[in-house]
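Participant: This is what each chain is made of:
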Amino acid sequence: MSTQTQGFRFDLADPRIRAITLFAAMFVLIVIVGFVQGAANTSLLLTQATAYALIALGLNIQWGYGGLFNFAIMGFMMVGGAAAVTISAPVNPVFWDSDGPIMLAKALFAFLVGIAIVASVRQVSRIGITGFWRGMLIVFAWLAAYIIYRSQLDPAAAYIESTAGYIGGLGLNPVLGWLVGGLLAAIIAFIVGKVSLGLRSDYLAIATIGISEILRAFVKNMDWWTRGTQTVSPMPWPVPLPQQYQADGVAIAESFVYARLGFLVVLVVILALVLFLVQRAYAGPWGRMMRSIRDNFIAAGSMGKDVKGRQLELFVFGSVLIGIGGGMLANFNQIFDPSSYQPINHTFMVWVMVIVGGAGNNWGVLLGSFLIYLAWVVSDPMAQAIFINLSAWTQSIGWGAIPEIDSRALQMRVFVLGVIITIALRYAPKGLLPEVVRKSE
Amino acid sequence: MDELIFFINRVLISGTVLGSIYALGAIGVTLIFGILRFAHFAHGDMMTMGAFVAFVFVTILTGMGITAPIPMGFVVLPLAMVTTAIIALGLDKGFYAPLRRRGVPSVTLLIASIGVTLMLQGLIRLIFGSGTRSLYINESKEIFRIDMSAFGGSRPITITEPQVLMMVVTVLIVIALHYFLTRSRLGKAMRAMADNAALAQVSGINTAVVVRVTWLIAGALACVAGTMLALDVALMPDLAFNIVLPIFAAAIVGGLGHVYGAIVGGFLLAFAETLAVFNWTSVLRPLLGWLPEGWQLPANLALVPTEYKLTVAFVILVITLLARPTGIFKGAST
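Note that the protein sequences, when read in sequence, are chains A and B. Residue 1 is where the first sequence starts when you use this note's numbering, and the numbers rise one by one after that. Residue 1001 is where the second sequence starts when you use this note's numbering, and the numbers rise one by one after that.
Heads up, a few of these hints could be off.
Said to hold, decoys possible - List time: in silico SDA-like cross-link candidates among lysine to any residue, alpha-carbon distance up to 25 Å:
id, chain 1, residue 1, chain 2, residue 2
1, A, K220, B, V1315
2, A, K220, B, V1318
3, A, K220, B, Y1308
Don't read these hints as lab results, they were simulated from the structure.
Build the full structure now, drawing on both the sequences and the hints.
Facilitator: Structure below.
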């Protein structure tokens, strides 16, 4: 670094000045979008971007701090959303009055019995059965456990779906739902991490994509739990809804702005708290240890660090934030629709946020999330404008209008995302705000 | 006998067709991994792109009034293969080669391939819209019914003409690939480079040519697999995006970098998926007489519900990664 001279110099290579400049630029951009799209749309955009920033911070813990691949973001977000449904959606009295709870309890019991069978069969080496026969016994134990579980769950699911529709929620505060979402994501991340963190990076990437798809298949098809493709709507908010403002006599357009700003404040408070904590953790001995594992796990291991255990820790922490963010988005959008979850909109967009922002730098990730979400939202109307002009031109030269402009313009977002990540990898592989590596003298 | 025919129709034929598609896709993935050492995630969209290239050619030829006794999708296949192969080479030149020259780790290339995935997917939908199209313009799928009454069956074995052609094309491609890899100079060079890139380079193998040929082959095979998928199901912009994961699973199960492993893995996964969702009740019906009085076979005796078909591939993948991370055949282990 060349800025050893005293006094202030405007030098973009200085990380602090670079950060301030870029954040200022982003602020200007948001103001411009605000003037073009109106306050209601901008408050919507900002709230969603804040939730995504939280998710991106979660990925930054995994990828930026630990170098761990996680392509299962979509799956963890769905888990968070499903938890939000169960905690915060209104109580479904039909379900609680029916035999449903008892049947579900039986299914849960069958599940536990299955786990017990597998766990005990794994111990048969103690009575002298080892090698091939132990393996066969374990396979059979898994099969038996699966059959026992299915034999209880299938009738319960069919019964609930035909009588009550779905189990409904508990009608509690959505914030509690987010915490439960984080907890559920942590449990799943623990199991997933235990199984797959030993894999090489590209195997891990593919394995987590597979896990993400498995989670999606479950959440989407467990109609008794999440109502599947029928969607759960409306989801409650922790703050007053636009309708409540309207009841108090606020105009419709303004009521949306007030309500969304209220939600935004809640999210910003949570984000600030999380950012403070992860920033502290990163700067402290814990973060230093994680970076040393990331940069050279062999050396870190030989210094006595528990590499696998620490990586599992990172994977779980990151997933908690992703689960919480997923729950927030489900509540904010007021709808939980399992079929709306796509790897592109969820997993890959968050990856682009982290890489463009700067993996390992929390402020950079924050910047990246807002910028990418802005680009994602804005590229649709821009593509539409381009298409409409192009269509007018083709009509004027006698080729006819371009069909399906709306659905095509929507796809421009995907293309823009691809272009951004390719350019970023080529020209700024460390992101807009690269990780600051402090070297001791 | 009817039960056997049912089994053949539902499992054997559809499993073989799906297996051919998986195998051709997985060969491309495994070749790229073997030579360039990164998981090429955009392979699924290269398949979709190949199918759309074939679609464009079919539309042009049908518009010119050309007809053929076999589905047009197969007539234009060579042309589409060449085009897709050239596009694949262009993708490498434009997006992967600059990164490779900088010597980035393989995970960066993987992320770059996701960028290419997004671009291809966006581009395909921008140009062709997001609706479903068909590769059969002014023609219909011809269905062969093989009469089984001679063997005591009341229903015929049904197989469509494209399905027969797909199997033939797959067999031809696999044989050609086998001879290319074992007999030709270039094929041997490819295997040498997959085995040990540094050693291959010092023994005078032109690695740049090998890389180019790899992309050409992978692109051409992706085009075949995509077109077959489009002929078997329908042509959609996200046609192959859902299938890229089973293909990776097939390549890993077979051992990454191992061509024959990819073929075996493809068929293994396709049959596992088909068998897992197959309803065994219809086949076990003859056993009804042996069951004790009052026993009934459940109406649906599939191992997993149809909605979870896709998860079968991943469960197999995860088990393989845990039990034998290098695949059933020993794969490249770097």
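Participant: Are the hints correct? Go through all of them and say.
Facilitator: Hints, one by one, checked against the model:
1. A:K220 to B:V1315: Distance ~18 Å between K220 of chain A and V1315 of chain B Cα, so the pair holds.
2. A:K220 to B:V1318: 21 Å, holds
3. A:K220 to B:Y1308: 10 Å, holds
Checked against the numbered hints above, the structure violates none of them.
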